[in-house]
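**Q** Chains as they are written, first to last, in the working numbering: chain A, 212 to 336; chain B, 2 to 403; chain C, 733 to 989.
Honestly, I wouldn't trust all of these hints.
[As the list claims (entries may be wrong)] On the chain B side, residues computed to face chain C include the following (Cβ under 8 Å):
hint, residue
1, V53
2, H124
3, K343
4, D352
Simulated from the structure, these hints should not be mistaken for laboratory data.
Glycine residues also receive a C-beta, built at the ideal position from the N, C-alpha and C atoms.
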Amino acid sequence: MLKSCYTSKLAAVLVLLMIALPAIAGKNWRSEGNSKATKAEACVAPVPEMRRNHMEMIQHQRDLTVHQGIRKTDNSLHGCIDCHANIDDAGKHIPVNAPGQFCSGCHNYVAASLDCFSCHATVPK
Amino acid sequence: MKKMHYREWGIESTRYWGLLAILAGIIAVAGLAVLHMEHSGHWVTGMNNHVVWGTPHVFAVFLIVAASGALNIASIGSVFNKKCYKPLAPLSGLLAITLLVGGLLVLVLDLGRPDRLIVAMTHYNFKSIFAWNIYLYTGFMVIVVLYLWTMMERKMNGYTKAAGTFAFVWRLALTTGTGSIFGFIVARQGYDAAIYAPLFIVMSFAFGLAFYLLVLGFAFDWDNRELGDRIYMRLKNLLGLFVAATLYFVIAYHLTNLYATENHEYESFILLNGGVYTMMFWVGQVFIGSLIPMGILYHPALGKSRGAVNAAAILVILGGLAAMYVIIIGGQAFPMAMFPGKEVIESGFFDGTVASYSPSLPEVALGIGGIAAALLMTAIGIRMLRFLPESLADDKMDNRQD
Amino acid sequence: MTEKTNLARRNFLSKLPVAAATATIAPGVVLQSTSANAEPRSEAVTSKVRWGMLVNANKCADDCSACVDACDKENGMDIHSMPEGADAENWDQQKPRWIRTVKLKDIQTGHVSKLPMMCQHCEHPPCEDVCPTGASFRRADGVVLVDRHTCIGCRYCMMACPYKARSFIHENVDIKPTLAPRGKGCVESCTFCVHRLDNGQTTTACQDACANEGHHAIVFGDLNDPQSKVAKALKKYPSQQVRDDLKLNPGVYYSGI
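Could you put the whole structure together from the sequences, leaning on the hints where they help?
**A** Below is the structure:
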């Protein structure tokens, strides 16, 4: 289940943290990422739409897949992870929910909890 | 009709806060137990894939059953017009709510995903008794609050009978729903019996009244209020009757089972060779929970001693927990009959063998925490609002025998 | 949608492993193929198909656990490890198990038979009836599943299942399987390898493993298709459903018990 709660104060604190964190964290994966997505021309929908609605898209697809068996799609979580997982220096995939990575980067920023990965794999298979 | 005055629980602050601190301490331990279970997962408990409902369910179902029974005292007053029960009604309603909340807390905190409680409130499968129960439980609380309002707000007194009758019917439905959780399970030999609904209703009368007697006696004693013999003896006799009725239903259930050959193995498991479950049944449910309390309550001398009656009420509660243990855990431990006429000689999933279960500390802590939570809410309730009559002395009561 | 994004979508699709061997097809075209490299399903499953199984207990070999091992591998139970500090004996009863073998002895005659037990995929599943949130459900094509997005872990389905088919996940899952996502606090059971069915395959892992061992004790397929292997076998040989007294009409049949 996707939960979202936006608290302006918390966001403000997080903005400060976001500014401070790259200095501590070393590599800035947002600008120096090497996932398939960094080389792709576009996502399955325009970026602003993805930012706003990706949770609905995934959730809709989730119900279609689980209840109707529809697996042919570009809106699957599987696809998100396949495209957005970065690769570390050793050539291994980094989990998308690791600190600073694609999913957790934003989710931490907006303080929206993320329940997908209590069951789903975080690296491409 | 004599005028009855109600007053907040007036014990000294130190005793009041001391009591709250002790109860809060027990609840805190339960909270730690929950954190431990939810953080690690249920492998730290005694449960497994074969006994899926453990000690928390024993406590939770017991508290929920007792909650509906605690309302009985109020019902006797407003539905059945027994005047001398009317001053007892507000505490009865309060206890019904707090015991239910305590039970539900335990139930919810033992879920695999308690963080998804919101899902249980937004997704319903109306063929499930559990889904009905969500409505029956929340509805019960709302109705009892309204019922309390009609009792405690003078302007609303005219509606007390209507609200009380509605609450009485609702509580019968609620306990039927709780009993049917087991009564509707076709898979297991010990369940799948319609008698579970009335059995749970009669059990609720006994467990609820036992709780009520203890809380009333304790609250009055600490606050130096007088609890007259006349009303006390009536409650005591009623408890004896309810315990006897419960025993009758238990006998009826087992006799029915004993008549049908297909149930013989299950019956011999519970009654003869089920080890801890047989022990729980005979020693816990029958002797401690039924025979000894009945002996005390109907004994010419002991029945007049407050200490002995309180002891009987405590035994009824302990026996009630034992009864739930036999029903819930014993019912699961007994192997499911999948292949009639065959004996399972090997299985990769423990088929054909008695499932093992031993309660773990966190589970017991959670269950006791539920009782503590119910008592804490009750203590705060009677302290803040006028739930308790100033006196229940014989000469202050309406003593007409109707 | 612009031409550019459309291209990107295809580009994205081609990267999905499940779509690796497929050509682009026009929207709306349904490909119902049964080959192993078939297209992932694009239309909702219907009740025209009912997946089911016939287990021939006479062919189920002693000391063989190929089906169990294959299921473990297919559904990620082989990478599922005991939590640190757990008691091995308890853990044995707490770990997930989708399929197990059971050896039976007739009390009167002494006849011994062995068979695999798993979710029987009932037409009227008690687990579906009792589930408060509707997470336990039966798909139109007869596969009984748990929607673990709405499962709250109440375990009522485990109380209600007459086949003891379900497992509760008692612990944190370190390595999450891609094909059978798994997480602490939810209930799960045999899915008839639904990920295979949805990607166009028509066999289950247990069936393949049994056949590879040369036993062929498991026949899986569409019960509604008279031409399917399972339907033909069911017509030819006598069979029974476990606990048929409950009238749940399981999709799994047994012969030779």
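**Q** Would you mind marking each hint as holding or not holding in the structure?
**A** Hint check results:
{"no.": "1", "hint": "V53", "result": "holds (4 Å)"}
{"no.": "2", "hint": "H124", "result": "holds (4 Å)"}
{"no.": "3", "hint": "K343", "result": "holds (4 Å)"}
{"no.": "4", "hint": "D352", "result": "holds (5 Å)"}
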